[in-house]
Amino acid sequence: MTRWLRDGHGMATLETTLMIVVLIPLLFAILEFGWLTQRWLAQDGVTLQAARYAGELGGDRPELRAYVQEQLRLVGIEPSRVVVQVEPAHAAWREPIRVSLQTDERIAVPFLFATTVTVRSTAVARGELNR
Amino acid sequence: MTQDEGGTAAVTTIVMLPLLLIVLAGVLELGAVRAVAYRAGAAADLATIVAVNDQDQTELARTGTLRLAADAADTARDYFARNLSATAPALAVSVTEIAASADIASFPSAPSLDQRTGVRYDRPTVRLIASVPVRTPGFAMLFMPTVTMITIRAASSAR
Numbered sequence: 001m002t003r004w005l006r007d008g009h010g011m012a013t014l015e016t017t018l019m020i021v022v023l024i025p026l027l028f029a030i031l032e033f034g035w036l037t038q039r040w041l042a043q044d045g046v047t048l049q050a051a052r053y054a055g056e057l058g059g060d061r062p063e064l065r066a067y068v069q070e071q072l073r074l075v076g077i078e079p080s081r082v083v084v085q086v087e088p089a090h091a092a093w094r095e096p097i098r099v100s101l102q103t104d105e106r107i108a109v110p111f112l113f114a115t116t117v118t119v120r121s122t123a124v125a126r127g128e129l130n131r
Numbered sequence: 001m002t003q004d005e006g007g008t009a010a011v012t013t014i015v016m017l018p019l020l021l022i023v024l025a026g027v028l029e030l031g032a033v034r035a036v037a038y039r040a041g042a043a044a045d046l047a048t049i050v051a052v053n054d055q056d057q058t059e060l061a062r063t064g065t066l067r068l069a070a071d072a073a074d075t076a077r078d079y080f081a082r083n084l085s086a087t088a089p090a091l092a093v094s095v096t097e098i099a100a101s102a103d104i105a106s107f108p109s110a111p112s113l114d115q116r117t118g119v120r121y122d123r124p125t126v127r128l129i130a131s132v133p134v135r136t137p138g139f140a141m142l143f144m145p146t147v148t149m150i151t152i153r154a155a156s157s158a159r
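Line by line, the protein sequences give chains A and B.
According to our numbering, the stretch in the first sequence is residues 1 to 131, in order.
According to our numbering, the stretch in the second sequence is residues 1 to 159, in order.
One or more hints might be untrue.
Stretch-level coverage of chain A by chain B, calculated; a stretch enters the list once three of its residues show a Cβ under 8 angstroms from a Cβ in chain B [said to hold, decoys possible]:
hint, region
1, 63–74
2, 79–89
3, 117–129
Not close to chain B: a few residues of chain A, all C-beta gaps over 10 angstroms, as computed [to be verified]:
hint, residue
4, M11
5, L18
6, V22
7, L26
8, F33
9, G34
10, P96
11, Q102
12, T103
13, P110
14, L112
15, F113
In short, the hints are calculated from the structure, not lab data.
Since the model is a prediction, treat every value here as computed from it, not as a measurement.
Cβ coordinates follow ideal geometry from the N, Cα and C atoms, glycine included.
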């Protein structure tokens with residue numbers, strides 16, 4: 001063992017192993033969290049636009065749901081995985097209307113952990129429809 | 001590789017690893033600040049849009065011209081606080097304080113000149129400038145302040 005380490009091959013193997021154990025999780029952590037942040041910002045952008053549209057429509061309407069689905073697809077998020085909430089369902093003129101989007105995202109970092117993170121986005125606009 | 005070189009490599013690793021972790025913490029914190037800045041900017045945009053979308057109905061019916069509601073600045077402040085709430089855990093002070101200290105100006109009729117920014121508006125406009133203190137504990141490792149102030153600017157015009 002001592003000879004194996006002393007001739008250099010052992011040391012190189014040991015260093016490589018240590019580096020893999022440290023650098024691979026680090027690299028995957030950067031990739032996974034970067035990806036998660038990108039998804040969060042994309043979902044957030046859709047939520048803001050959806051809140052504006054909900055204000056124009058005066059509540060939770062089929063047009064709003066279709067718009068959210070289309071926008072989610074455009075940013076690369078599968079709409080079936082997103083829970084959309086609009087409160088209240090019918091907003092009066094000048095009444096606040098809240099749109100919330102929620103997705104469960106799976107992240108995995110080799111040698112460390114794998115978990116599910118809930119990504120939430122909320123935006124509040126105002127009812128613009130004077131019924 | 002000799003025994004001496006092996007020792008050098010170990011020392012280099014011991015010295016470089018904390019440095020790498022410090023740089024990593026700084027990069028992560030910077031990314032977090034950018035995300036909060038984006039969200040706060042979006043909150044300000046939505047607040048000013050909501051404020052300008054509420055027109056003075058009497059003026060619109062009487063003259064057919066767009067004129068902002070009298071409470072446009074208050075509306076922008078209210079909705080800025082509501083939309084900023086999503087980022088509250090990352091902020092050093094409450095969203096109510098941030099919204100209260102924001103410089104929000106309403107320009108109900110056009111043309112008008114914004115004295116603070118020097119911008120001339122050709123349509124009724126609401127302008128918002130806010131200082132948002134963000135918690136940045138990761139910067140402590142880099143001997144930087146643990147609270148970073150970001151300035152948000154937004155303006156929306158009626159059409």
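Failing hints, ascending?
-> 1, 2, 4, 5, 6, 7, 8, 9 and 10
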